[in-house]
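If you're matching them up, the sequences are chains Y and L in order. Just so we're aligned, residue 6 is where the first sequence starts under the working numbering, counting upward by one. Just so we're aligned, residue -18 is where the second sequence starts under the working numbering, counting upward by one.
Because the hints were derived from the structure by calculation, they are not lab data. Hints should not be assumed to be uniformly reliable.
[Said to hold, decoys possible] Pulled from the structure, derived: some chain L residues nowhere near chain Y, Cβ distances all over 10 Å:
# : residue
1 : P(-10)
2 : S(-2)
3 : P14
4 : L28
5 : V70
6 : V77
7 : V99
[Unchecked claim] Per label pair, the in silico range of CB-to-CB distance:
#  : chain 1 : residue 1 : chain 2 : residue 2 : range
8  : Y       : G44       : L       : R51       : 53 to 59 Å
9  : Y       : S86       : L       : L52       : 19 to 25 Å
10 : L       : V86       : Y       : R103      : 38 to 44 Å
11 : Y       : W27       : L       : M58       : 24 to 30 Å
12 : Y       : V18       : L       : P12       : 16 to 22 Å
13 : L       : G53       : Y       : G44       : 44 to 50 Å
14 : Y       : V26       : L       : M42       : 29 to 35 Å
15 : Y       : G9        : L       : P54       : 41 to 47 Å
16 : Y       : V26       : L       : P54       : 49 to 55 Å
17 : Y       : R31       : L       : V2        : 24 to 30 Å
18 : L       : M58       : Y       : L7        : 40 to 46 Å
19 : Y       : R39       : L       : P88       : 38 to 44 Å
20 : L       : K46       : Y       : G44       : 41 to 47 Å
21 : Y       : D100      : L       : G69       : 23 to 29 Å
We put the CB at the ideal spot given by N, CA and C, even for glycine.
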Amino acid sequence: MLLGQVVALVVLVLGTAALGVWWSARQGAVRAPRQAPAGIDWASAGVALADRVTFVQFSAEVCAACRSTSRVLGGLTGSSSGVGHRELLVDDHLDLVRSLGVLRTPTVLVVDGGGREVARMSGVVSDTQARQALNRVPTAAAEADGEGQS
Amino acid sequence: MSMNKGIDPRGPRVGASITAVLLAAVVLLGPSPAGLWLLTFIMLSFLLGTLRGAEGSWQGMLFKKFVRPRLGPPAEMEDRRPPRFAQGVGLFVTAVGVILGFFGVLPAVPIAAAVAFVAAALNAVVGLCLGCEMYLLLRRAGLVRA
């Protein structure tokens, strides 16, 4: 009887550890864009896009991970031209959240100058991951690197 | 008092690690009256945390009194609502186990403890915040308001 409970606890701990590793690995990982049914009219959603690439971040007030992500992306836009960062509160943009299939905060859409989503990330985004996402837009990546070295 | 400034994010994580150890003990006790009583105690702790916020639970008090003085200041403060919401989720899960247990369905006790253990352990070890993960889903479903 007791042995069964010990085995149950071991299985539980191992399962939890596996779940934790999986969840941590997903944090901020650069993923392929989700196919949008039609082009999103960013202007009518009140999002002014930057020339080359814009990080459109969906945040919530209650989300602590959103703050650090916001700081990372904000720092990146400061060091590279043509790269923008717009933060939207999900509470104010529920329609957009639904049509874009955003399920958690923070979710960051990497949008090119034409308003097309080129990548997306969710969870805490690190500086490395943000730069990796920029690489999906070749010209913007070259620009960011050039600016970073000068 | 700490309403607007937020709380030290390490507080709920330390609290969750204490809770996870207690929940593991319930799993070890199995479908027994002792397990039921321990789960009832954990449920009441979650009730306190739901009413007063994670920082107002006894685990939060222990953190404030014994752990926080040994640490430097946190990098940033955290909104107190997600940890409090997580306390409510813990209350719900453990209450289901306790109620079924008192109605004689003792196997529900370690099962409920196991479910709560996963959430508490992930919060403690990798910082997964159930309240944060579920907020947008609940907003989309119209179950919570801003």
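Numbers of unmet hints, in rising order = 1, 7, 9, 16, 20
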